[in-house]
Every structure is written in structure tokens, then in C-alpha cells.
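Protein sequence lines, in the order shown, are assigned to chains Z and Y. Note that the first sequence covers residues 1 to 524 in the numbering used here. Note that the second sequence covers residues 1 to 524 in the numbering used here.
The set of hints was computed from the structure by calculation and includes no laboratory data. Ideal Cβ positions, reconstructed from N, Cα and C, are used throughout, including at glycine. One thing to keep in mind: the hints can contain errors.
In silico lysine-lysine, DSS-like type, Cα no more than 30 Å apart, as pairs [stated by the list, open to error]:
#: 1; chain 1: Z; residue 1: LYS464; chain 2: Y; residue 2: LYS497
#: 2; chain 1: Y; residue 1: LYS156; chain 2: Z; residue 2: LYS283
#: 3; chain 1: Z; residue 1: LYS130; chain 2: Y; residue 2: LYS464
#: 4; chain 1: Z; residue 1: LYS497; chain 2: Y; residue 2: LYS53
#: 5; chain 1: Y; residue 1: LYS506; chain 2: Y; residue 2: LYS405
Here are some chain Z residues pointing at chain Y (derived, C-beta under 10 Å) [what the hints assert, rightly or not]:
#: 6; residue: SER113
#: 7; residue: ASN150
#: 8; residue: THR288
#: 9; residue: LEU334
#: 10; residue: PRO351
#: 11; residue: ALA484
#: 12; residue: VAL499
Number of protein chains: 2
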Amino acid sequence: MIKRLRELEPIELTTFTNELKEDILARVTDKIPHLESSLAVAELTVALHYLLKTPEDILIWDVGHQAYVHKALTDRLDDLATQRTKDGISGFLKRDESPYDFFGAGHASTSISALAGVCIADLATGRNRKRVAVIGDGSMTGGQSFEALNHLATLKTDALIVLNDNDGSIDPTVGALHQNNRYMDYFHSLGWEYSFLENGNDITAVIAYLQSSLARGGKRVVHIRTKKPNLSKKKSYEPGTTFQWWAAEQIREILHYRSDLRIFSPAMFASSGFGPLRDDFPKQFMDTGINEPHTVTTAAAMAAAGGRAWVHIYSTFLQRAIDQIIHDVALQNLPVVFLVDRAGLVGADGPTHHGVFDLGFLMDVPNATIWNPRNGDELQTMIFNASELQMKLDGPLFIRYPKDKTVCDSPEEFDSYKWMINQGSNSLILSTGAVSSRVQPGVFDHLHLGQIKPLPEDLAHILKDYSNVLILEESIGSGGLFGAIAGLVADEDFEVKLVKRKISDKFTSHGRRQELLKELGLIP
Amino acid sequence: MIKRLRELEPIELTTFTNELKEDILARVTDKIPHLESSLAVAELTVALHYLLKTPEDILIWDVGHQAYVHKALTDRLDDLATQRTKDGISGFLKRDESPYDFFGAGHASTSISALAGVCIADLATGRNRKRVAVIGDGSMTGGQSFEALNHLATLKTDALIVLNDNDGSIDPTVGALHQNNRYMDYFHSLGWEYSFLENGNDITAVIAYLQSSLARGGKRVVHIRTKKPNLSKKKSYEPGTTFQWWAAEQIREILHYRSDLRIFSPAMFASSGFGPLRDDFPKQFMDTGINEPHTVTTAAAMAAAGGRAWVHIYSTFLQRAIDQIIHDVALQNLPVVFLVDRAGLVGADGPTHHGVFDLGFLMDVPNATIWNPRNGDELQTMIFNASELQMKLDGPLFIRYPKDKTVCDSPEEFDSYKWMINQGSNSLILSTGAVSSRVQPGVFDHLHLGQIKPLPEDLAHILKDYSNVLILEESIGSGGLFGAIAGLVADEDFEVKLVKRKISDKFTSHGRRQELLKELGLIP
Chain Z
1 MIKRLRELEP
11 IELTTFTNEL
21 KEDILARVTD
31 KIPHLESSLA
41 VAELTVALHY
51 LLKTPEDILI
61 WDVGHQAYVH
71 KALTDRLDDL
81 ATQRTKDGIS
91 GFLKRDESPY
101 DFFGAGHAST
111 SISALAGVCI
121 ADLATGRNRK
131 RVAVIGDGSM
141 TGGQSFEALN
151 HLATLKTDAL
161 IVLNDNDGSI
171 DPTVGALHQN
181 NRYMDYFHSL
191 GWEYSFLENG
201 NDITAVIAYL
211 QSSLARGGKR
221 VVHIRTKKPN
231 LSKKKSYEPG
241 TTFQWWAAEQ
251 IREILHYRSD
261 LRIFSPAMFA
271 SSGFGPLRDD
281 FPKQFMDTGI
291 NEPHTVTTAA
301 AMAAAGGRAW
311 VHIYSTFLQR
321 AIDQIIHDVA
331 LQNLPVVFLV
341 DRAGLVGADG
351 PTHHGVFDLG
361 FLMDVPNATI
371 WNPRNGDELQ
381 TMIFNASELQ
391 MKLDGPLFIR
401 YPKDKTVCDS
411 PEEFDSYKWM
421 INQGSNSLIL
431 STGAVSSRVQ
441 PGVFDHLHLG
451 QIKPLPEDLA
461 HILKDYSNVL
471 ILEESIGSGG
481 LFGAIAGLVA
491 DEDFEVKLVK
501 RKISDKFTSH
511 GRRQELLKEL
521 GLIP
Chain Y
1 MIKRLRELEP
11 IELTTFTNEL
21 KEDILARVTD
31 KIPHLESSLA
41 VAELTVALHY
51 LLKTPEDILI
61 WDVGHQAYVH
71 KALTDRLDDL
81 ATQRTKDGIS
91 GFLKRDESPY
101 DFFGAGHAST
111 SISALAGVCI
121 ADLATGRNRK
131 RVAVIGDGSM
141 TGGQSFEALN
151 HLATLKTDAL
161 IVLNDNDGSI
171 DPTVGALHQN
181 NRYMDYFHSL
191 GWEYSFLENG
201 NDITAVIAYL
211 QSSLARGGKR
221 VVHIRTKKPN
231 LSKKKSYEPG
241 TTFQWWAAEQ
251 IREILHYRSD
261 LRIFSPAMFA
271 SSGFGPLRDD
281 FPKQFMDTGI
291 NEPHTVTTAA
301 AMAAAGGRAW
311 VHIYSTFLQR
321 AIDQIIHDVA
331 LQNLPVVFLV
341 DRAGLVGADG
351 PTHHGVFDLG
361 FLMDVPNATI
371 WNPRNGDELQ
381 TMIFNASELQ
391 MKLDGPLFIR
401 YPKDKTVCDS
411 PEEFDSYKWM
421 INQGSNSLIL
431 STGAVSSRVQ
441 PGVFDHLHLG
451 QIKPLPEDLA
461 HILKDYSNVL
471 ILEESIGSGG
481 LFGAIAGLVA
491 DEDFEVKLVK
501 RKISDKFTSH
511 GRRQELLKEL
521 GLIP
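So here's chain Z without its partners, still in its complex pose (with noise of 0.2 Å):
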């Protein structure tokens, strides 16, 4: 389709975006995502194709939730129907999947960067090339867009990126930079040329836009506002089904009697059930732009001048903070609660997204507790201890809970969150979080571990009376539940045969949730 594109004379360029556009509409219903973002850009990325030689010439995408029309303009159309499924393509853009990926993305704020690596290699081997960018104004709330604008202004190349700007991400923009509108200052102040173009869905304004500023070379930000259509149903949870809804209620209530109590969030309120309650307690929810490592900072301090500090944050977002978990809230002893959510596998979004290694790395994070709920009550219990105990705390508490459903059908007591069924086998399965609930109840005994560290203090006595232990966690790597387990019983010196069920060493595809589980043997 590129091909046909570049033949065509510029006056037939909107027709050609307007019939792509019902073209991936007639394909997608209302299945994808994100398509909005998509389709605000349609003009953008018919222009940027239609100006560039790519694949040779550089074209990256940040997140990629803009990158649906490029999907399409790119030999995908037909498979934006299978999209986010097993064995479909994926929801952002993927290098293996084709030549014109060049960088892949899922997270927020890596474009720029990633256009300075090109220029970087490009100068070491004198190639001379177009290559361009283009970020959200929700991506630029990200530090690391701050910081490749910074030195990528110092290397001697020419570099394009264009700021798409249609006011929001998931959620709408936040921070000064944005509502003041203050781009040209900003980008000056970094060494860029501005530029700013009010119809960015006027295809002939953006090829002549963009085509001067590709001429003229140096280091150049075209800002383009575009507006997104209104696609969307907004996503409601079903009543007691899911994670997200269960931490909603419970938190609501806890909202209604601590009123100095602060929920940050690094721009995923929305996404994860939060949304009316933040229409309820607005004061309370602060969404501090997409800043993982700012937002945990900002909490621990928060903590340190006594205050009642919550992170909710994505698991898979959190590997962008875990150097300020460790330094600014482990090491000082700072009570602050963090719900992690999506945690494990996330399914459709697939690798960039699933939260499979921050229990890993959270086990090694000294003065740190962690609690992996079962199922919904027992979330709601943790969340409700978490509130009561917070400010006896002596370092971070993580509530891990995956997107998933999940139903309420705890015990009615159970003590320090450990769930144990006694069959009189000298096999033990022990488990942890949403995967124990799918545990079939059979000739094992089976314990299932609210919290994972610290470890119970009986566990080691516990875990003598068995001959064969298998232990079953959402997580990847070497360490995790296993490696603690295998600590004790190192430490400990008993005998015992470990078994390990965990996600191998490799990147899960996306597909969905329960799907993947089975097929890493997660589940029966």
C-alpha cells in the first residue's frame, strides 16, 4: 500500500486517508483499544509516509497506541482483525514483525532516545538519512523525554519529532508544561526549533508543514494539534468480578474516614476501575503525569513528613521506579503502600506489559512486605489491613493483584493471610496470589501464601513435614517464592525435594490471560 500511496499526487491524499480510515474501522468493530489515538493521527501518518522513504528512512512511534494507521499503510491491514489475539500482531509496534517497526514500544517516552541512537549510529558511519519521531503530550511528561531532548540537541544531526498534542494519553495530560501551553519555551529552552500547527487532521497543512521543516533540517519539533473521534464506550467493571473491582470498593471506604490519605498514580487512574472514585475523591487521587520514578519519590517524602502515601502503579510500570523503591523507600524506612496492578501476566497487551518480574525483584528489596492475594476478598482485606498498619511500618508494602476476574470465596478466618488444605499428603503444592484460586483441590495438600516476605515464621517447620514441595508463582526468574523457599531449606537444613513452576526465561507472547497461564502450565 505504500507504494500505491507514493504514486498518488498530493490533492488525492485526503480521500486516500479518509477510505483507509473506514477501511480499518470495517475491520476492527469496536475490538482494539486505543483506536482513537489511532485514527486522530490517520493525516499525520499517511503525510509522514508519503514524505519518507521508509523503511530506510527512520520513522519511530512512542507507546504505539498512535500506530494503528501505520499497521495498516504497512502490509497489516488484513491483520488488524487478529490483532492482540494469540498468534495475531501485536498492539504495538514490534520489530520482528515488520521492516517498518524499526523500534519497538509499549512503554511511554522512549522515542526520542531511541531517534538519538539512530542519529548516534548514523554519524558514526556518515549515513544520511531522514529520521523522525513522534510523541503524545502524554509521553512528554516522562523525564526521559527531557532528557534525550536535552542531549540530543548536542550532537551535530539533523533530528525531527513531532509532538502530536490532542490533550491526553489514557488520561488527560497533567503538569504545568501542557496546561500553560508553553511548548516553544520549552523546546527553545532545549535547543530545538518549534513549530506549531493547529489542524493536524488537514492532510494537505501537514505535508506542507512537514515537508519545510524536513527540508530545513537541524533540530526541529513540529507541534501538531489533532483531534481524536469519539469511539469509545467507557469501560466499566461488572459488579464483584475483577481485582480492580474489589480494590475500588474497599478503597472507597477507607477514602470516606482518612481524608489525609493520598493516592498517586502515574497517569493510569482510568485504566484500572479508579475512575469514578476519583470522580468522587478528587483531592485524594493524585495522577502526577506518566513519572513512575517522580511519583515514588514524591511518595516516600510524602511519607517522611508523616503523611499517608499510596502508589498505585502497573507492575510492568514499576520496573521504571524500582531504583527509587530501593533508595528512597526501602533504605529510609518509609512506610508507603503501593498497589501493583497488573501484576502477572496481562494478556492481550503482551510482553512490553506483562508484570511478571517485579515479584522478583521486589523479594530482594530489603524492609519491603509483599501480599498476593488469592481473590477479591482477600485483596480487600490486605487493603484494608494496609491502611490500618501503614504508619507501623517500617519500609514499603505491595499489594499485588492481576487483571483478572475473580470471585469472593475465602475462608471466613484465616491467619496471616496463609490458606492451607490438608489432604494427608506427604506432597505439598505452595502457592501465591490469583493462581493459588485455580489450584484444583486433589491428593496434595496445598498452602497457599498471602504474603511472600517476609516469609512466615513457621513456614520452615511447616514445610518439614513434606517430602515434595512445588511451588507455584506468576513470576519469572531465579529468585522469587522459589528462591526463598529454596533459601529456607538451604538455611534451615532439612530435606525436601523442590519443584519449580514458574514462568520460563523467556518473553510471553500476547494472547489472553488464561490462555497464556495454561500454556505455561501456571494452570491446569
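Put chain Y on the given structure of chain Z with help from the hints.
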């Protein structure tokens, strides 16, 4: 001393400050690194404590390199002589050392986030007090500073930032913002009032300036220039004595024939023995600023464009780029070589800087290769091989070495970085990295693994011959080499008793590296 300071007339402050500087110099001689940074802000420090009612008013320092005068003023003048030694005071800010150290720091760019956290805590309780953060121009290159400025500006509260500009952190400050001195536009674009004072070492001027800024309220940045005295002797490494020296020598050889190789460092070349090398190969060494996330993504994209990208990074700062290592490098199978310096205990810098987490984290990253050399010549062989193998790699390669002395004593040949001493014992010591060279020859067999990921294919075969295997690694956490071996034993289902010898699950204080290693039981 604070009390005495606050009873002085303004006219007496110059003398007070000069005497204080002399008192400090008399105590620390040349033992303390970063002393110049602290003396440069002596006037600023005195002025701030004179005007603020610390510790009720909040004073936050970034990194802490500039905080020695602050320490002297706040009851720790005599302790400065013991700074950075075991049981002495810390080289950085530390909450449990003094109520005047409101927020600890050792890593850069956290202070404005911390300021935001205090503002939010005070907003929640209605508390009214002065809140000031002091940040250097080097720390301003870190994206977290931008994130914090952008977010904090939207809060309805007063906050004052002092930008302490002395053209450098450890290395001279890079980036367009500083080079072009466009701070006014920058801060304005983010919603901050801005003013500039050229002579930040004139205490009368500093007092007047700060006083008026504090009185006016709002969100204000006071940019002051300060001058470092020149006390330092240039650091140099005695040839052949440190891992850093061996690394630099080997890289020098490689750069002679690989003109397309680029080595990125987030602002740490000078302190890691690469200073002279950078002078000789200025095009190939790229200081990106204090911005680990950007550095790693840039390297990934350079690799995606076919370039040879290496990243030099301290283990403790690598914690800031875990996400980029996963999402941009490993997931995309990109061949980036990482020189992980200061891997392991760093000694005098203490818990903010110990490189004890990265080994555990990196073991969990799919597609990663991890090498831990035993000594200088193993490090050289690895660096040479990394350069030869790079373009065939299917993901990142990490070469980890500590801040330590080392010699050259490898046997002439060794096979894939395995190094075995066989004593005919049924017990094996299995170790990796520099601690391997401190294992005493004795009655046990000893296997050093230079490569711990992937594990050698024949490892299970080797281990099956032993009844006991002691695993020795300079790393914290439930995984790492120990977890990997425990996993191997579980997966291959053979019987062996494992003994774990690694850093226990708490933060290790500062002190001499050898002293700490001994205390932790990692060396005899």
C-alpha cells in the same frame, strides 16, 4: 552551632562562614571526595540555615555531595573526620543521622520530587512552613527533575528551589539546557518564577536574594552560580592494580581498530578510570548526562540501526534503567554491551551506592548474558570477547566488575570462563566474580563461573558428582546464582545439599570494602 548562627547579625556571617570552612578543612584534610562541591555552597548553606527554622522548615539536598557544610553546621563538625569510615557518619544525607537530614540521598535528581512530597503532606494537614530544595546543575539533567518541576508547579502551595550552578557534577555538565544557559525559558515553561544571582559566594547577596524569594512565596527557582575551590588531586589508578585499570587498557586497544564503537556513560567516565581514554578518543566516548533511562534506550536504538553500542554504568545507577534494559534491549534482542562498574559492595559510599541488586535483577531478564570476572585479566579477556562477539549477540551482555584492586593470575587457558580446582572432595564451592579470587585453596573443590547466565550446559553434570555445593556470590536477594542453581537442581531432579553464601536481606552500611565483605562472610 545552629543556635549560635541564628543569633548573629547579618554582618557577622561572612566571618562565621570563613571560620566554618577552615574548621572543616582542618578536620578532613584530603580524605573526603566532593569536598569542593560542599565548600562551594558554604555561603548558601549558612544563609539557608540562617533564614530557615530548620528542622521544622524543610531543607532538602540533592545527592548530598554538597552537604558537608550542612553536616558541620548541624552538630556533625567533629564527626566529619570519621565520615565514610565504618561506624563514622555517612558521606551523604541520612535520615537517621540527624533530624536536619530530612530526606536522604545518594543518587541524583530526587530533591524536587521530595519537595513535592512534603508540599503534598503539608497541604493535606494544612501545615504552613518554608520548604526548600537545593539541586545542582548536574542533577538537573536527570529526567526526574523535569517530572517533578512539571508536576509540583500544578500544586497550590509555595516551594523554593535553589539551582546551584557550578558547571558540573563529577564530570562537566552536558546537555543543551546548560550549554546554552537557557534556564529562564526552561523554568518559565514549567510554571516557575525564575531569578539569577551571579555571585553565589557573596553571603550578603545570597541572604538578600533568598529572603526576598522566600517572602514572595509561589513557585520560585533561584539560580545561583557558585565556585568550587580547587583542592583535588587528579585521581589515577596505579597500573595493573584495579579492575577499572584493566578495563580501560583493554578498551583502549579495541578503540584503535573499532572506530565505529561508541561508549555511553551517564556522567560517570571520570570517576571510573576512563578520563584519559576519553581525552584520547573523544568521539567514541559519549557522556549523555545523569540520565540512565535515556542512555540505555539510546544504546538500544543505535544497536537497532546496526551500530556498536556499549554502555558504561555503575551497578547502583543501573537500577534506574531496569525497564529500558528489559523493554528496549532484551525484548528486542538487541546486542548492547554493558560495562557494569561498581558491581558489588562499593565501600565508603555505603548503602545508597552498593551494587548488590543488579546481579539478581539481571538474572531474571530473558536473553541476557552475564559475565562476572574473577580478576583483571579475565575481565580483559571478556571485554575483548565482547567486542568480537557483539554483532552475533541476541540480547544484552553485562560484564560486571567491582570497585576493587585486582591482579592478573588466571591460568593460561580457561574454557568458557569456567575455572576449576579439583581436590577430590565431595564438596564444592561454586563462586562467581571477584570473590572467587578470595576463596582459599583448601580441602574442597572450587569452581569459579565467569558466566552465570546462561549457565554452562554441563553444569548439572558437574554438580551431580557432589554431595554438598556451597554457592558464593556478592549479591543480595532470593535469586541470583543461588536461585539459578536451586532451580537447576529442581529441574534436573538430582540430590545435592545446597549452602547459600550471599549478602543477607538488609542494607549494608558504609566501611572499607574488604571489611564489609569479611563481615558478611563472603571472604575469609
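Discussion item. Just to be careful, I want the Cα atoms of LYS130 of chain Z and LYS464 of chain Y compared with a cutoff of 30 Å; is the pair within it?
Written reply: violated (57 Å)
Report holds or violated for the interface hint on SER113 of chain Z, using the least CB-CB distance to chain Y and a cut-off of 10 Å.
Hint holds; SER113 of chain Z Cβ to chain Y Cβ min 4 Å, cut 10 Å.
### Task
Could you grab the alpha-carbon distance between LYS156 of chain Y and LYS283 of chain Z and see if it respects the 30 Å cut-off?
holds (12 Å)
**Q.** Hint validity - THR288 of chain Z Cβ closer than 10 Å to any chain Y Cβ
**A.** Holds, about 5 Å.
Worksheet entry | Minimum beta-carbon distance criterion (10 Å), PRO351 of chain Z to chain Y | With a closest approach of 6 Å, the PRO351 of chain Z hint holds.
Note to self: Check whether the Cα positions of LYS464 of chain Z and LYS497 of chain Y lie no farther apart than 30 Å.
What the structure shows: holds (15 Å)
With 10 Å as the cut and Cβ atoms as the points, is VAL499 of chain Z at the interface with chain Y? Hint on VAL499 of chain Z: holds, closest Cβ of chain Y at ~6 Å, below 10 Å.
Less than 10 Å between beta-carbons is the criterion; does LEU334 of chain Z satisfy it with respect to chain Y? Given a least distance of 9 Å, the restraint on LEU334 of chain Z holds.
Point to revise | Pairwise hint evaluation, LYS405 of chain Y against LYS506 of chain Y, where the allowed Cα distance is 30 Å at most | key: The given pair, whose Cα atoms are some 25 Å apart, holds under the 30 Å limit.
Task: When the least beta-carbon distance from ALA484 of chain Z to chain Y is tested against 10 Å, hint result - done: ALA484 of chain Z check passes; min Cβ-Cβ to chain Y is 4 Å, inside 10 Å.
inquiry  = Can you confirm whether the C-alpha distance between LYS497 of chain Z and LYS53 of chain Y stays at or below 30 Å?
reply    = violated (61 Å)
Margin query: A closest beta-carbon separation below 10 Å is what the hint needs, so does ASN150 of chain Z meet it against chain Y?
Written below: holds (4 Å)
Hints 3, 4, counting from the list given before, are not met by this structure.
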